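Listed below, chain by chain, are the residues.
Number of protein chains: 2
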Amino acid sequence: MSKPSFEEGLLQYVEELKDESEMTEKQRNILRASIKLFAEKGFHASSTSEIAKEAGVAEGTIFRHYKSKKDILLAVVAPVLLKVAAPFILKDVREIFKEESKKPFTEVMTQLYRNRLELVTANEKHVRIMLQEAFFHDEIREALIASVFADVKEMARKLIEAKVDVGELRPLPTQAVFRAVLSSMIGLVLFRQVLDPDEFGNYSDEEQIALSVDILMNGIANRE
Amino acid sequence: MSKPSFEEGLLQYVEELKDESEMTEKQRNILRASIKLFAEKGFHASSTSEIAKEAGVAEGTIFRHYKSKKDILLAVVAPVLLKVAAPFILKDVREIFKEESKKPFTEVMTQLYRNRLELVTANEKHVRIMLQEAFFHDEIREALIASVFADVKEMARKLIEAKVDVGELRPLPTQAVFRAVLSSMIGLVLFRQVLDPDEFGNYSDEEQIALSVDILMNGIANRE
DNA sequence: ACAAAAAGCGAGTGATCACTCACTTTTACT
DNA sequence: AGTAAAAGTGAGTGATCACTCGCTTTTTGT
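The listed protein sequences correspond, in order, to chains V and W.
The working numbering puts the first sequence at residues 830 to 1053.
The working numbering puts the second sequence at residues 830 to 1053.
Wrong hints could be hidden among the right ones.
Identical copies go unnamed one by one, so any copy, or any two together, can satisfy a pair.
Derived DSS-like pairs (lysine-lysine); straight-line CA-CA distance at most 27 angstroms [said to hold, decoys possible]:
(1) 896 <-> 882
(2) 912 <-> 898
(3) 954 <-> 920
Calculated from the structure, these hints are not laboratory results.
Owing to the predicted nature of the structure, the values given are computational and were not obtained by experimental measurement.
Assemble the whole structure, with the sequences as input and the hints as a guide.
Structure, rendered in structure tokens:
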């Protein structure tokens, strides 16, 4: 599992801006600067004067190309989300899901949980900022759902239905199974990072993952 | 299950401010106004001039009593959280958990999920603002965890351990079971309200709850 | 009753913000 | 080369913000 950072992906994308479109160099600089600052400190915390400074451009130039600050955000978020964030978030998931039929579902889940825990740990700041922005701006939330959630849902759907067909999973509504999987994963991250890091530490990450997967697969009820 | 709104609780608390402490009437008005505005629009969106206006007080008076705007927040949040929000959030949970030994765990969970779904639906705005503030201010997040999460965790611990003792639940680490329960609940709410409301609507709330409880109890794996 | 302290006041301060506009420079087209 | 359009500029605008300060009013203790 390779580990190119989100930052690298961003920088690379920013360089690629050079080749395409009929943008002025200055306009590209504005986008570059905005991407950098928004990713670093979020939208609200980045002022237009900062963006201008970072871009080496007069503040008036910004508003020559974008009619408002929010306009920059929208111009920046869609392509970045689609070309950098979504691929970055989904890359490993796609690999893990690829060999669906070979591995037992339990193993796929274990790998997935381990991988997601790593991803969130390594990119805590960016995750935080993304959630924050998704919280505030409907457009970003919807774009995130459309570009990331929709994909992962489709991938999961295929895997889950295949596993139901071979009798490895119960024939429940796919949507409910997907929800259970994602909920369990979100809960794992949430408990470790936010809600209860102390008690979480009573077991190693591997043990916690094993517990989560065990419960996801077999439930918490005792079978008489 | 009674339904006093969060708003009512807030207003009642605000009235009770009258009786206690050595506060000036104006100072109480400032707290009242702050509580109202913060609950309505959040901390950042409420300006000190607004608070002053709402409180019927000069802006200078605010800073006579509180050395900064954040100071008001901290003075307001701890007691409100402890005396209004936490009881409000936990009230029904406590009732549902009360008759622990009588009802099967499945039934308790079903009631709990149903109740939480109702609570979030009926108080969407306040939930949103609380999460938003918890996101931004470490102090609030920690206060929420200490006053709400800690309580619910303790209540759940007792119930879970009792149910493990009578053989209704598997002898897993309590903490992992609690995480599974809470994750499933958060997931239910998250999918319905944010992530996938369309597909969620394919089943009724009751059906979705039943599915979540079923999976929580029995897992998603097929038992050969 | 009187003075000191506390409470209250509101115009004012300086900072920052997104955004504008009159103007200059560069680019593109003929 | 000449010109019109596009790009770029930066001082300026008005709004808003949290917060201050010199002053007046009210409360308190004796």
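Handout entry: Within, between, both or neither: residue 896, residue 882 at alpha-carbon 27 angstroms
Key = For residue 896 and residue 882, only the intra-copy Cα distance (18 angstroms) is at most 27 angstroms; the inter-copy one is 34 angstroms.
Exercise for the section: Indicate which option fits the pair residue 912, residue 898 if close means a Cα-Cα distance not exceeding 27 angstroms: within, between, both or neither. Expected result: within (22 angstroms within a copy, 41 angstroms between copies)
Exercise for the section: Indicate which option fits the pair residue 954, residue 920 if close means a Cα-Cα distance not exceeding 27 angstroms: within, between, both or neither. Expected result: Within one copy only: 19 angstroms inside, 35 angstroms across.
Violated hints: none; the structure is consistent with every hint.
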